[in-house]
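Undergrad: Guided by the hints, dock chain Y onto chain P, whose structure is given.
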Amino acid sequence: MNWRLWVYLQTTPLFWLTATLGAFLIADELSKRLRRHPLANPVLIAVALVAALLKLSDTPYKTYFDGAQFVHFLLGPATVALGAPFYKNFALVRRNALPMAAALVVGAVVAIVSSVLIAAWLGAPREALVSMAPKSVTAGVAMAVSEKLGGLPPLTAVLVILTGVIGAVVVTPMMNLLRIRDYAARGFAAGLASHGIGTARAFTVNPIAGAFAGIAMGLNAVVTPVLVPLILPLLIR
Amino acid sequence: MLRGVFLLLFCQLVGEVLVRSLSLPAPGPVIGIALLAAGLALWARRSPAADVDATDVGKAANAMLASLSLLFVPAGVGVVQYFDLLTAYGVALAVALVVSTVLTLLATVGVFLLVKRRMAE
Chain P
1 MNWRLWVYLQ TTPLFWLTAT LGAFLIADEL SKRLRRHPLA NPVLIAVALV
51 AALLKLSDTP YKTYFDGAQF VHFLLGPATV ALGAPFYKNF ALVRRNALPM
101 AAALVVGAVV AIVSSVLIAA WLGAPREALV SMAPKSVTAG VAMAVSEKLG
151 GLPPLTAVLV ILTGVIGAVV VTPMMNLLRI RDYAARGFAA GLASHGIGTA
201 RAFTVNPIAG AFAGIAMGLN AVVTPVLVPL ILPLLIR
Chain Y
1 MLRGVFLLLF CQLVGEVLVR SLSLPAPGPV IGIALLAAGL ALWARRSPAA
51 DVDATDVGKA ANAMLASLSL LFVPAGVGVV QYFDLLTAYG VALAVALVVS
101 TVLTLLATVG VFLLVKRRMA E
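So the protein sequences, as listed, match chains P and Y.
Using this note's numbering, read the first sequence as starting at 1 and increasing by one per residue.
Using this note's numbering, read the second sequence as starting at 1 and increasing by one per residue.
Chain P extracted, bound-state conformation (with noise of 0.2 Å):
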């Protein structure tokens, strides 16, 4: 490529807004060739793709970023927009409060106990472990907690984002396995244990999947925090 050409499109957020679009699509469309399969989940597609591009083009993250930015932005009004799915699903939501109340509770309190127990057993250091603990909340929410209590932020993105994936990946099967068939339930755990990308995947399953995960998530986002400072000295020192 004319090396001028490149110069230009690098210092523009188009090139970079347009190639996450661009893979996104691909992802997308994989994924549904594929039948929505668990395993073709298509933020790890276009996350692997563009990744590749950066890695071919040699591009700094930041620069990507500045395109990316855009994208990135909308996560906060989409997190909004859950409200609509909350109010159109009240009734389902509140006969099922007392459930969803008391599986909050258990389900936060496992998510952070058994990461950090775990990782510990395996030698993982502390700051691992501080890093590890918030990881089932959204990822704003998680950084913050992190920091505050000496973890590494960016460790907390990454072990955030794998979460998502891999909840996202595995709920599907794991929930059909069990022979589950309350929609309510399922989704409820897949956004309470993986945030927004489990909260995308149960939407793409099943409508109310998709309400209570995002309401379980937004739930998350609140308890998880409170939780992190009380449990984390019970189990590391």
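Read the hints as simulated data drawn from the structure, not as lab findings.
Accuracy of the hints is not assured; some may be wrong.
Unchecked claim - Computed beta-carbon distance windows for the label pairs:
no., chain 1, residue 1, chain 2, residue 2, range
1, P, Ala101, Y, Ala66, 26 to 36 Å
2, P, Pro60, Y, Val91, 26 to 36 Å
3, Y, Ala49, P, Val7, 56 to 66 Å
4, P, Ala101, Y, Leu9, 27 to 37 Å
What the hints assert, rightly or not - Cβ-to-Cβ under 7 Å is the rule here; a few derived chain Y residues that face chain P:
no., residue
5, Met1
6, Leu2
7, Val19
8, Leu22
9, Pro29
10, Ala37
11, Leu40
12, Trp43
13, Gly58
14, Leu68
15, Pro74
16, Val79
17, Ser100
18, Thr104
19, Thr108
20, Val115
For clarity, every value in this text was computed on a predicted model and none was experimentally measured.
For every residue, glycine included, the Cβ atom is placed at its ideal position computed from N, Cα and C.
TA: Frame of chain P, contents of chain Y only:
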């Protein structure tokens, strides 16, 4: 549609302002969810037969949620940047992530169904 996008941004903005001025423990967009749901509930009391999906904000919300996965791509690509940080701590973190995520899913769905069944009895 434009009005819908405005309302979503407005709810987030009010959420962020509330979080910062009252130092609430929740993130701004999460407060925004509650504001939007409350707003829709108030609106429905005035026009009970109306369908949320047919409103501007309903259309904007559905469009946003239909492409929710896309919005995680920029942050996801950031993971690649810190991959050596992850590999530095070896398999411990990978194993912990997978096992903990599966346990969390099991515990959450299990407790949800258990309590629901107890209530039905």
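Undergrad: Provide an ascending list of the numbers of those earlier hints which the structure does not satisfy.
TA: 5, 6, 7, 8, 12
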